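Participant: Top line first, the protein sequences correspond to chains C and A.
Going by numbering that gives the first Met the number 0, the residue at position 32 of the first sequence is 31; the numbering climbs one at a time, nothing skipped.
Going by numbering that gives the first Met the number 0, the residue at position 87 of the second sequence is 86; the numbering climbs one at a time, nothing skipped.
Simulated from the structure, these hints should not be mistaken for lab results.
The structure displayed is predicted, hence computed values, not measured ones.
Among the clues, some could well be false.
[Stated by the list, open to error] Where chain A lies over chain C, by a calculated footprint (3+ residues, C-beta under 8 Å):
| id | region |
| --- | --- |
| 1 | 27–35 |
| 2 | 87–94 |
| 3 | 97–109 |
Ideal Cβ placement from N, Cα and C applies to all residues, glycine included.
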Amino acid sequence: MKLQRRALLRSLFAAAAIVTVPRWVFASRPDAAFDADNADGAVGDLFDGPVTESDQVTLKIPDIAENGAVVPVTVSTDLADVESIAVVVVNNPTPLAALFELTPQSVPEVSVRIKMGESSAVRAIVKAGGKLYSASKDVKVTIGGCGG
Amino acid sequence: MGKPIKIRAKIKGDVAEVKALMPHPMESGVRVDADTGEAVPKHYIQEVVCKHNGTVVNTAFWGTGVSKNPYLSFKFKGAKAGDTVEISWRDNTGDTSVSEITFK
Numbered sequence: 000m001k002l003q004r005r006a007l008l009r010s011l012f013a014a015a016a017i018v019t020v021p022r023w024v025f026a027s028r029p030d031a032a033f034d035a036d037n038a039d040g041a042v043g044d045l046f047d048g049p050v051t052e053s054d055q056v057t058l059k060i061p062d063i064a065e066n067g068a069v070v071p072v073t074v075s076t077d078l079a080d081v082e083s084i085a086v087v088v089v090n091n092p093t094p095l096a097a098l099f100e101l102t103p104q105s106v107p108e109v110s111v112r113i114k115m116g117e118s119s120a121v122r123a124i125v126k127a128g129g130k131l132y133s134a135s136k137d138v139k140v141t142i143g144g145c146g147g
Numbered sequence: 000m001g002k003p004i005k006i007r008a009k010i011k012g013d014v015a016e017v018k019a020l021m022p023h024p025m026e027s028g029v030r031v032d033a034d035t036g037e038a039v040p041k042h043y044i045q046e047v048v049c050k051h052n053g054t055v056v057n058t059a060f061w062g063t064g065v066s067k068n069p070y071l072s073f074k075f076k077g078a079k080a081g082d083t084v085e086i087s088w089r090d091n092t093g094d095t096s097v098s099e100i101t102f103k
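Isolated chain C (complex conformation) (with noise of 0.2 Å):
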């Protein structure tokens, strides 16, 4: 009897723990996402499921960027249940810029300055109650910002 009560206490335990853990996507960095060499992969390795563009998802970046070293981005959205807000920008070496792991405290709203190689695509990737948004923009550079 003590045994079973023991056991019983336990596994209550447990399945409080598991309740409590935090609803976070990435608890770790997702090296591999980071590693990719081509914008759908690094989504692909971040995210399952299709991806929709959406007037919801705010990116304000602008058209053109003198300097490709030091780009500024704000990403928003109006979309509720935000976990994750990703930056891509589609012709870097390697595209995938930033991860913003967002709290129900959070407010969906990230600013970050980010290097451009080259001219490019700049995609925002919002994941909102399990579902993926974006919005996308082309960037001009006048000069890259990877160092050259």
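Since the structure of chain C is already known, use the hints to place chain A on it.
Facilitator: Quick look at chain A alone, frame taken from chain C:
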């Protein structure tokens, strides 16, 4: 220990907006040193953890495509005067830095 992070944060209503500047060379490994002719080794921030009163509000994972001396801005709900925001980063060499501010 990496250089300290400059943090500015303000609260509008219930939402805190935090802006951080992190001195760091952010070498992608692609740039060639003009003097030596060799590629400068990769040296870049890979992970940034942002906390509010000790609880993580967001984590950023970065690749080599983030600019030198990275700027990061993010927002979260539920902030008030007296609360703290802590930002810490870790780079690919294992170096780290942590800085904290308190909302006035």
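Participant: For each hint, tell me whether it holds in the structure or not.
Facilitator: Here's how the hints hold up against the structure:
| no. | hint | in the structure |
| --- | --- | --- |
| 1 | 27–35 | holds (count 3) |
| 2 | 87–94 | holds (count 5) |
| 3 | 97–109 | holds (count 11) |
When held up to the earlier numbered hints, the structure conflicts with none and fits them all.
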